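Asker: Heads up: the sequence lines are chains A and B, in that order.
According to our numbering, the first sequence holds residues -2 to 221 in order.
According to our numbering, the second sequence holds residues 4 to 346 in order.
Don't read these hints as lab results, they were simulated from the structure.
Bear in mind the structure is a predicted one, so any value in this text is a computation, not a measurement.
Check the hints yourself; a few may be wrong.
To be verified - The calculated DSS-like cross-link candidates involving lysine-lysine, where the alpha carbons are at most 30 angstroms apart (straight line), are:
| id | chain 1 | residue 1 | chain 2 | residue 2 |
| --- | --- | --- | --- | --- |
| 1 | B | K160 | A | K177 |
| 2 | B | K293 | A | K190 |
| 3 | A | K209 | B | K315 |
| 4 | A | K82 | A | K57 |
| 5 | B | K160 | A | K209 |
| 6 | A | K190 | B | K303 |
To be verified - Stretch-level coverage of chain B by chain A, calculated; a stretch enters the list once three of its residues show a Cβ under 8 angstroms from a Cβ in chain A:
| id | region |
| --- | --- |
| 7 | 114 to 127 |
| 8 | 308 to 320 |
| 9 | 327 to 341 |
Unchecked claim - Partial list, computed: chain A residues near chain B (C-beta under 10 angstroms):
| id | residue |
| --- | --- |
| 10 | R140 |
| 11 | S141 |
| 12 | M188 |
| 13 | A200 |
Ideal Cβ positions, reconstructed from N, Cα and C, are used throughout, including at glycine.
The chain contents come next:
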Amino acid sequence: MVDEDELIPISALQHVLFCERQYALIHLERVWEENRFTAEGNILHERVDIEHHESRRNYKAEYGLAIRSLSFGLIGKADVVEFEKDDAGRIVSIVPVEFKRGKNKEEDPDRVQLCAQALCLEEMFDCEISEGQLYYLGEHRRRSVEISEQLREKTSGLIERIRIIAASGATPEAVYERRKCDRCSLFDLCMPKTVDGGGKNVARYVQNQIRKSLHDEDTCKEDV
Amino acid sequence: MRKLLNTLYVATQGSYLRKEGETVVIEQGGEKALQLPIHTLGGIVAFGNVLCSPFLLGFCAERDITVSFLSEHGRFLAAVRGPVSGNVLLRRTQYRQADDPRVTRDVAKNIIEAKLANSRLVVNRAIRDHKERVDDSALSDAAAQIARYLQQLERAKNADEVRGIEGIGAALYFGVFNHLIVDQKHDFTFSERNRRPPLDEVNALLSFTYTLLAHDVRSALETVGLDPAVGFLHRDRPGRPGLALDLMEEFRSVIADRLVLSLINRRQVAKSGFKRAENGAVIMDDKTRKTLLVEYQNRKQTEVFHPYIEEKIPIGLLFFVQANLMARFLRGDLDGYPSFFWR
Ligand code: SF4
């Protein structure tokens, strides 16, 4: 069981999966840059209600449901959770549905997020969940994702990793990887090129600058 | 690179600022004078009798846009900002490091080395650009002496020694400051630095520009989650933004002083734009202040090369980059604080 204060937001899983330093910057150091992607994300969630409406007997959908698991130490919100009931009103199946921008990517972050939601719902409703669904707004269709043993292991591995980083309180060093960093919303705050490998030797930098300023006077071109 | 957002300076007395959708509307005399999308703003600075609707203040706080209120003459009164951002662990680290004499000395040393190198550069540029019109020997003499103290800094044993050398360096620099004024020499004479209140036109310009600079450095520190009050070079004193003043040292001469000098030397300001108050304080009129604000804004768009991150960036982002480097150093990502050397 986990202390309520130490619950991990489900969003942290996708951050740590993308880059451990990004996770630490956002969740431990609390730096945050609003960027295009997060801004679009907000708009996306406002559209959930409009995009999705179904009415069947024995069927109920909850929007923006607050979920958590004390055994995994997770907390978050599910876009939509669909409940199927039998005639006696007992729940027979629960399916979390996440809305995604764009087209089908079946990326790991999306699947991990669904799995984390499933873990929370399983604990809250004391049931087993075998699938979740991703709804891609770009193509107006759903894809089913199996909450497999493998996916569960991956998700709990990430939770474990988050606990270790959080407990150490140390932000992992930046390692510049073009593919990743160039589309990272924290690039300017992270300065991965500058601090890569523990940063340059600052004492040497300062000495060089002083030497330059004492000797290369004529190299300055810019004007008053 | 991060986008350089504008600071909105409102100096027209009686202006009223309010929110309209996602925009700020500035009303003057009951009429809409200006309307700006909020997402282009990084801060709002209001001078004197300027009103701001609570909804606009709330919206700005939510968007991390600091709204500062200054007196008509640029004295800081209050600021409205959202909840303290950043990490309490970072601030604790900052306090611990500020208590460590070795760290304090190293940071103070790097900052003052940059300060002396940069002020020396301002002196040398004047010799180069105005050879026939300046007192060449007084200036080169000062530059040479500053260079000597700059080299001495390397051996400073503690922060107090750094502060001592800084004092001498500043005296040498301001000792020749009057020689840097090459035009309107009769109207603008600098004899010594005074600020409370500024007793001549040059000091009035300098003080006001330093206020603008302090404001920008302070918000940059807050943005990266540092406490602007706890510094390394400037000792703690209630109400004093020690760390903001620390970082400002690197920028004063190259940004603020050169701005003031070019306003005078290019005749963008005139003696008639100032008045003298009962207490001897010299204050600028609205037009002069506006000229200065516009020039300061323009200056912030100018790009400079940053020798540590090895990128060209607008001056307006320099504050943010230095604040960020300071945070990186305090967190242990860097093995020192890389101060900014102007090229
Ligand atoms: S810029 Fe690169 S190293 Fe830094 S947080 Fe983003 S992905 Fe990680």
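Asker: Each hint needs a verdict: does it hold in this structure or not?
Answerer: Each hint tested on the structure:
1. B:K160 to A:K177: violated, 44 angstroms
2. B:K293 to A:K190: violated, 39 angstroms
3. A:K209 to B:K315: Roughly 18 angstroms separates the two Cα atoms, so the pair holds.
4. A:K82 to A:K57: Cα-Cα ~8 angstroms, so holds.
5. B:K160 to A:K209: holds, 24 angstroms
6. A:K190 to B:K303: holds, 24 angstroms
7. 114 to 127: Coverage by chain A holds here, the residue count being 6 at a Cβ distance below 8 angstroms.
8. 308 to 320: This one holds; 3 residues, not fewer than the three required, reach chain A with a Cβ under 8 angstroms.
9. 327 to 341: holds (count 12)
10. R140: R140 (chain A) check fails; min Cβ-Cβ to chain B is 34 angstroms, beyond 10 angstroms.
11. S141: This hint is violated: S141 (chain A) lies away from chain B, its Cβ roughly 38 angstroms from the closest one there, beyond 10 angstroms.
12. M188: holds, 7 angstroms
13. A200: holds, 6 angstroms
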